[in-house]
Amino acid sequence: MNKIRKRVLWIIVSLSVVTIFLAMQLVGLQVSSLIMISLHAMVPLGLVAIGEVVNERAGTVNIGLEGILLLSSFVAVYVTEVSRNLALGIIFGMVTGAFIGLIHGLISIYAKGDQIVSGVGINLFAAGFVAFGIWTVWVPGVHMLPAGLGMSRISTPWGGLSWFVPITVVLALVIYFVFYKTSWGVWVRAAGENPGAVDASGVRVYRLRLIACIFGALLGGLAGAYMSLDWVGMTSKALPAGRGFIALACVVFSGLEPISALGAAALFGFCDGLSTWIKAVPQLVPIIPPGFDNFIKMIPYVATLVAVTLVIGRRRFPKSVGRPYRREEI
Amino acid sequence: MEAQKKRRLNVVKLGWFGERFSGLAKPLTQSVFAIVIGLAIGALLLVVWGYDPLDGFGQLFSSAFFTNIGLSSTLSYATTLMLVGITFGLGVRAGLFNIGAEGQLMVGAMTAVAVSTFSLPPLLCLVAGVVFSMLAGALWAFPVAILKVKKGVHEVVSTIMLNWIAFYLCLYLVLGPLTKPGTHTSVQIPVDSRFPLLFGTLSSAILIAILFAVVVYFIIWYTKLGCKIRAVGFDQESAHYMGINPGRAMTIGFLMGGLASGLAGGAVVMGIPPDYAVFTELSNITGYGFAGIAVALIGRNHPLGIIFSSVFFGGLWSGKRAMQIYSGIPLEIVDIVIGVIVISVALPELLDIIRRKIKGRSS
Chain A
1 MNKIRKRVLW IIVSLSVVTI FLAMQLVGLQ VSSLIMISLH AMVPLGLVAI GEVVNERAGT
61 VNIGLEGILL LSSFVAVYVT EVSRNLALGI IFGMVTGAFI GLIHGLISIY AKGDQIVSGV
121 GINLFAAGFV AFGIWTVWVP GVHMLPAGLG MSRISTPWGG LSWFVPITVV LALVIYFVFY
181 KTSWGVWVRA AGENPGAVDA SGVRVYRLRL IACIFGALLG GLAGAYMSLD WVGMTSKALP
241 AGRGFIALAC VVFSGLEPIS ALGAAALFGF CDGLSTWIKA VPQLVPIIPP GFDNFIKMIP
301 YVATLVAVTL VIGRRRFPKS VGRPYRREEI
Chain B
1 MEAQKKRRLN VVKLGWFGER FSGLAKPLTQ SVFAIVIGLA IGALLLVVWG YDPLDGFGQL
61 FSSAFFTNIG LSSTLSYATT LMLVGITFGL GVRAGLFNIG AEGQLMVGAM TAVAVSTFSL
121 PPLLCLVAGV VFSMLAGALW AFPVAILKVK KGVHEVVSTI MLNWIAFYLC LYLVLGPLTK
181 PGTHTSVQIP VDSRFPLLFG TLSSAILIAI LFAVVVYFII WYTKLGCKIR AVGFDQESAH
241 YMGINPGRAM TIGFLMGGLA SGLAGGAVVM GIPPDYAVFT ELSNITGYGF AGIAVALIGR
301 NHPLGIIFSS VFFGGLWSGK RAMQIYSGIP LEIVDIVIGV IVISVALPEL LDIIRRKIKG
361 RSS
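Residue numbers (the numbering used here), protein chains in the order written: chain A, 1 to 330; chain B, 1 to 363.
Please keep in mind that the hints were generated in silico from the structure rather than gathered at the bench. Watch out, some of these pointers could steer you wrong.
Unchecked claim - Listed below are the simulated BS3-like cross-link pairs for lysine-lysine, each with C-alpha atoms no more than 30 Å apart in a straight line:
1. A/K3 / B/K151
2. A/K319 / B/K180
3. A/K319 / A/K181
4. A/K112 / B/K180
5. A/K6 / B/K228
6. A/K3 / A/K319
7. A/K3 / B/K150
Unchecked claim - Derived Cβ-Cβ restraints for the label pairs, each shown as a range:
8. B/T29 / A/G196: 56 to 64 Å
9. A/P282 / B/L44: 49 to 57 Å
10. B/L44 / A/R84: 57 to 65 Å
11. B/L197 / A/L310: 45 to 53 Å
12. A/L102 / B/S119: 58 to 66 Å
13. A/K3 / B/L24: 54 to 62 Å
All values reported here derive from a predicted model rather than from experimental measurement. C-beta atoms are modelled at their ideal positions from N, C-alpha and C, and glycine is treated no differently.
All chains should be built: construct the whole structure from the sequences, respecting the hints.
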């Protein structure tokens, strides 16, 4: 009964969304551009959230995602500009993320430090490092990627679409497959639930968690490289603007399922896209009172708060998430 | 047995006074160790980038602690950092990771500016500014507490979202209702609403901040309420079985933290000459909240420890400008140092590991 009601609810919601879109299109608002903006805004949230899902499933929490986005976006632009090679920039963005993940993993898994404190430290370090780096390498403030170095886009009838959009979707599916169809996935899931059992079955929990932590951070690095090289084409201290934490909310929202995490990222990406789109619609610009755009910019944050409030409590998390595993001494 | 013997030995070696404070030695070394690692990695980065770290940090500390202007600005930064540090430290005592000081401080500062626009009698307007900025901070912390207690929303997510909402709300206020016409800054706070100055740029807000810290210390360690808060922070489940309401203790932890951060916001706009206003892009009221995390961690989340560590971080904040001017080093190196300090605090066992390694090698 409950299941049927849920399904009916979903159908009603999706139908009404489609009707609203059609109505907007009829009035003359550019719905296709809203969808394109939202898809592009989904990618960083999705990549980071999927990475963090893997990480938290294995039992480690990393709230330094914001810092990873920031650092890797800076490194990606720097390497691309020096080497004039886009692929190298993306790879170095990922390596930066993985390196931060390695440090965080060593601190929280091997040294059994406080994971949340370490994550906050990473965020603070990144904010300082990127501002310092932009200052010393270029000029203080915002640095634009030189023209001609940006990524090419897939051409669609509604404008260019980034290659990262399909990559993110495929990645979510791959992670889902690995989670539920391979023994690797079983180990990762079990390491978050009952690390002792995994250890007893002969798999090294420390190493498994470390790999998951590095992998999660590597996806964060990829997202950072996407933001600075493809999406906005610049790097600055304020680039992620809380997206690392919105991605954390996606993780909570999804209940640690990779596909749901992608769905949550699409939802929050839509809110993010909406706040940029409203300001660019010619019909709406004269209606918005001066100074009111600050309230529009609040949309993604308010939506995150509301969404997390509505959905939480019905989510179950792995038992040992956030707790360091201590091997029995022999 | 072994431990007891060691303890007795300590009493003989250190006397009563040493015994009373020998518990301080370990946390103190850990804090100093974290600061040393932070400065060392900062220095390493400076060397990599071709700057002279000795000259840079020398300029920083000498101007922050050995000049009159520097010292007064160090202490006035310490006022604010102390209060936001208490927000975080108090949260940790209640088992929370309250990183909402940033937003609560902004809201408190804007409220102080708003209250000062009413023409109240001389002393009353200062008191009203202080009280309302504190209440505003607590108000901004209230949803976090409700969401945490009623819904189980983790405070890291909700506080960060509220920080951003506060940022855009205050941006709207600075550019809209509270703007000084023709500028991008807020209206200036009138003379009557400002904290009287003690020396240099240091205002009497520091006395209120220290008083606040001491009051928090007494509440946490010498009252029933404080005992409940600490019990919840220590082990929520056991506290619950003992008949303590964890939700209430956590709510009080958030609200008291909100009062501290709101007061911090008031202290910035009512206590730092010469501007007494909120700047463009809120540049003079941002960044404190996150530095406050480092202040609290180095002060071991203890109100009295936070008073001392806030002076150190206040020194970093006030000396960084002199460093930038005289040594040409970008002042953001200080944020890097603070980040590394926080990361090294997450490693309580690092010292033990190093000690064991050294011992292992020598024997």
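Against the structure, the hints come out as follows:
no.: 1; hint: A/K3 / B/K151; result: 23 Å, holds
no.: 2; hint: A/K319 / B/K180; result: 54 Å, violated
no.: 3; hint: A/K319 / A/K181; result: 22 Å, holds
no.: 4; hint: A/K112 / B/K180; result: 51 Å, violated
no.: 5; hint: A/K6 / B/K228; result: 42 Å, violated
no.: 6; hint: A/K3 / A/K319; result: 27 Å, holds
no.: 7; hint: A/K3 / B/K150; result: 26 Å, holds
no.: 8; hint: B/T29 / A/G196: 56 to 64 Å; result: 33 Å, violated
no.: 9; hint: A/P282 / B/L44: 49 to 57 Å; result: 52 Å, holds
no.: 10; hint: B/L44 / A/R84: 57 to 65 Å; result: 29 Å, violated
no.: 11; hint: B/L197 / A/L310: 45 to 53 Å; result: 50 Å, holds
no.: 12; hint: A/L102 / B/S119: 58 to 66 Å; result: 59 Å, holds
no.: 13; hint: A/K3 / B/L24: 54 to 62 Å; result: 60 Å, holds
Hint compliance for this structure: hints 2, 4, 5, 8 and 10 are not met, and every other hint is.
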